[in-house]
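J.: Sequence:
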Amino acid sequence: MQRMMQIGAVLAMLTTATAVSAAEHEILILPDAYFPSILYIDDGDTVKFTNLTGSEHSIVAKNDSWAIGPIADQASVSMVVEKGTQTTFYDANAVSEEDGSFLVEGRMSFAEAPLD
Numbered sequence: 002m003q004r005m006m007q008i009g010a011v012l013a014m015l016t017t018a019t020a021v022s023a024a025e026h027e028i029l030i031l032p033d034a035y036f037p038s039i040l041y042i043d044d045g046d047t048v049k050f051t052n053l054t055g056s057e058h059s060i061v062a063k064n065d066s067w068a069i070g071p072i073a074d075q076a077s078v079s080m081v082v083e084k085g086t087q088t089t090f091y092d093a094n095a096v097s098e099e100d101g102s103f104l105v106e107g108r109m110s111f112a113e114a115p116l117d
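Quick note: the sequence shown uses this note's numbering, first residue 2, plus one each step.
Because the hints were derived from the structure by calculation, they are not lab data.
Among the hints, erroneous ones may be present.
As the list claims (entries may be wrong) - With a Cα cut of at most 25 Å, we get these calculated DSS-like pairs of lysine-lysine:
hint, residue 1, residue 2
1, 49, 63
2, 84, 49
3, 84, 63
Could you build the full structure based on these sequences and the hints that come with them?
T.: Take a look at the structure:
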């Protein structure tokens with residue numbers, strides 16, 4: 002009986018530790034898009050941006066609160082996200098010549114991921 006209680010306690014601890022551990026995610030930088038276009042995250046997660054475009058790119062938050070890069074082709078840069086992190090971001094190298102607007106937008110969301 003005592004052995005069963007010990008096993009139950011260990012399983013409970015493992016379950017709790019898994020539930021609160023941060024996850025690692027990856028966003029692929031493509032020539033005209035990000036994949037995924039929306040990444041669902043939790044507070045404390047790590048997001049790795051991997052550049053697959055053939056040229057150097059820099060990523061900037063919509064409100065300029067964070068920026069990463071330049072990221073060389075085939076290279077990756079990671080950041081830890083926390084509640085309050087600006088979740089809309091742009092490719093600083095993809096700007097419209099007509100009006101200066103960003104052409105490639107990506108998003109992270111702290112909301113629950115939709116079920117398929």
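J.: All hints, please: hold or fail.
T.: We went through each hint and held it up to the structure:
no. : hint    : verdict
1   : 49 - 63 : 18 Å, holds
2   : 84 - 49 : 17 Å, holds
3   : 84 - 63 : 16 Å, holds
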